[in-house]
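Protein chains: 2
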Amino acid sequence: MTTPTPRPFNFSAGPAALPEEVLQTAAAEMLDWHGSGMSVMEMSHRGAEFISIYEKAERDLRRLLAVPQNYRILFMQGGGIGENAIVPLNLSRAGVVDFVLTGSWSQKSQKEAGKYATSRVAASAEASGFTEIPNPASWQIDRDAAYLHICSNETIHGIEYQQLPDLKALGADIPLVIDCSSHIASRSIDWSRVGLAFAGAQKNLGPSGLTIVIVREDLVGHALAICPSAFNYELVAKNQSMYNTPPTWGIYVAGLVFDWVLRQQEGDLTGLAAIEARNIRKAAKLYAYLDGSGFYRNTVAPTARSRMNVPFFLADESRNADFLTGAKARGLLQLKGHKSVGGMRASIYNAMPEAGVDALIDYLREFEKSAA
Amino acid sequence: MTTPTPRPFNFSAGPAALPEEVLQTAAAEMLDWHGSGMSVMEMSHRGAEFISIYEKAERDLRRLLAVPQNYRILFMQGGGIGENAIVPLNLSRAGVVDFVLTGSWSQKSQKEAGKYATSRVAASAEASGFTEIPNPASWQIDRDAAYLHICSNETIHGIEYQQLPDLKALGADIPLVIDCSSHIASRSIDWSRVGLAFAGAQKNLGPSGLTIVIVREDLVGHALAICPSAFNYELVAKNQSMYNTPPTWGIYVAGLVFDWVLRQQEGDLTGLAAIEARNIRKAAKLYAYLDGSGFYRNTVAPTARSRMNVPFFLADESRNADFLTGAKARGLLQLKGHKSVGGMRASIYNAMPEAGVDALIDYLREFEKSAA
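Going down the list, the protein sequences come from chains R and G.
Going by our numbering, the letters in the first sequence line up with residues 29 to 400, in that order.
Going by our numbering, the letters in the second sequence line up with residues 29 to 400, in that order.
Simulated from the structure, these hints should not be mistaken for laboratory data.
Note that this is a predicted model, so its numbers are computed, not measured.
Any copy will do: because identical chains look the same in the list, a pair fits if it lies in one copy or spans two.
With a straight-line cut-off of 25 Å between C-alpha atoms, the simulated DMTMM-like cross-links for lysine to aspartate or glutamate are:
| id | residue 1 | residue 2 |
| --- | --- | --- |
| 1 | 143 | 262 |
| 2 | 367 | 77 |
| 3 | 356 | 77 |
One chain only, chain R, in its complex shape:
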C-alpha cells in the first residue's frame, strides 16, 4: 500500500496527524494481523493475540516515558472530559481539590470536580487572558487538599509548563495531577513530582476514544461509592484494563505509535529524547518567525509557550478566510484557531515532520508579502 503523492501536512489540534508509517502498518495488517487471520478489531480482548498487543503497548509506553514500577498504566475510555469527573471520583475522597487555571481545559476540569468535592482555585491566569502561567511561589495551595490539578499543556490557549511544579518544595505535600493530553510523549515527565497523569490519545498517541491514565499505586483504591465501575481505577488496574472491553483498536494504534517514537533518532539521541529535540527545534523556528514578523503575532508569554500548539493572529483578521484557503491549496490543513480564541492555530505534535513546519513558515512568509 503506497500513497501516490506526498501527503498534506495536517495541523489539527486533535484528533491529529499520525506518523505515516503507522498508518501504512495499520492498513497492511487490517485483514490479517501477523498471520492470525483476524483484524485487530475482530479479536477478543481476552485472546492471546490481543493480550500480546496490549502487553507490548504497556511495556513500550512505560519504557518511553520512564514510568516507575509503582505507577499503574491504565487504558480507559472517556477522554479528557471524562477524566475531569473520573479523577475526582477516584482521588478526591469528597474533600478539597485544588486547581491552577491557565486556560479552557483547567477551567473545565475545575468546574467538573465541583460535583464531587470542594473545588478550589489555587491560582488563575484568567486576568491575563490566559497568556501566562502564575508563578508557583504565588499559588495559594490548600495543604489538606486531596490533590492539585494542572493542565500541563493547554491545547486551546497554547500554554505549556516547561517544568512541572514541585508541590513539596512549595510546602504542600499533596499529589500533583496533570492533564497532559496534548503533550504526552512529546517530552519527558518528572514522575517524582506527579501523582497522576492522564491524556486523551487523540493528539500525540493515536485515535480518539482511548484515554491513558498513569497513577501512583497508593492513590488507587479510594474511589467514591458513586464511581461507575467501568471508571474505577482499582477495578481497571486489577483487571489489566479489561474490566470492561477496552478500546482495542486504539490500543493497537497507540502501540504502533509508541514503537515509532522509540525508534526515532536525532543525532546521538533516540526515542523520546530525539522526539523532544525535534519538537524544540520545530517550535523554536515557528515562534521565531512569528515574533520576527510584523504581520503575525502570538500573545503568550515566551516562557509559557507550548511546543505543541501555536495559536497566532493575522494583523488583518479580515484576511483569515483567504489565509486558510491558500493554506489548504498548499496542503497545509486544519489551521483554523479554536472558536473561543479565534485566529489560527498550528498544532505541531510528534507526528508533524519538521518539513511541515518549514512549509508552514514558507507559506506564512508568502502570505505576509501578498498582504503587504
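Following the hints, put chain G in place on chain R, whose structure we already have.
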C-alpha cells in the same frame, strides 16, 4: 488490497468479526479518506469531513433500525459496563429501577444501578441456571419505577427475547430499557415498547470503544447532579455527540457496517430484513444440528435461544482442548465458551457468513464421529 487466501471464520463473542468488505474499505482509505489527504483517525471531529461521516452514520443507523424522529441517537464511550452506571445516572432520578435477570449481563446491570437508585429484581431466571426467560405475566413490576431494564440478548448465556415485553400491557406504564449490545442490527426493534436502547459496538456494529445509545427525547434531561458531563445524555444530545471528542474511528467503521447492512439482499428482502432472514436460517441450522446430535448439547429453552450466541457443551468435556485445536486448524476461530459457563460458544453475528455456520457444522459432525 486483497487477501491471498480465504479468511478464517471468527466466532468471537466480541470484539467480533466484521464484514470483509468493511475491512477492505477501511484499509484502502487509511491514508487518504475520499481525497482529503487524511486518515479518518487524523480528522478534527469538528471538521467538514468528519461531520459528513458522522451525519451519514447517524442517518443510516436511523434508517436501518427505523428509529422514530422522537428518539435521539448518541455515539458515546464506556461500553455496556459504562452504561450500567450511565443509564441510572441519567434516568433513575434516584428512585426505584426494576430489572429482569436472565444472565450475567442483566445481573451486572442490576448490581451497578444500586449505586444510584433502589435497584429491584422484578423477575429472575437464576434458579434455572439462566436457561430461560421468566414469563412476563409473572414479573413483579414496580409501577412507580423510573424504568425496567432487560438484557434483550445475553451474550454469555445465549438467551434472547424473541419479542420485547409490552410493559403497558403488563400494567406498568414505565419506560423499557434494553441492553441490546449483542444483537443490535440483527433484527428489527419495536420502538413502541422501548424507551432507551444501548449497545456496545463491538459485536454487530464495529470496534470496541464506541457505545450507541438510542433514547426517547422525553427521557433526556433528568440526569442526577453527580452524572459526569461526558456521560450526560442531555449534553451529548445537544452537542450532536461532540460534547467531548467522540471515538471517531469507531463511528467511521460502524458507518461502513451500517452501509453494508443496508445493501444486504436475501431473495426479495433487503437491508435489515435480509440480515434477519439470514440470521434466522443460520441459527436454525446450527441449533438443529446440536439438538440432533448425541454428542453436543445446548441447554437453553428453545423459545429463549439466541440467534447470535450459541453456547454448547461436548458430552465428553475432556475433549474440549482437542475440539478447539481441531477447529483452529480448520480456520474456525475463538470458539471457547465464556469462563463463567464453560464449554463452547459460537457467536454468529451479522458478519458471519452462512458458509461459516456450514463449516462449523461440518466440523461438529466430523469431530463427533472421531470421538465415537
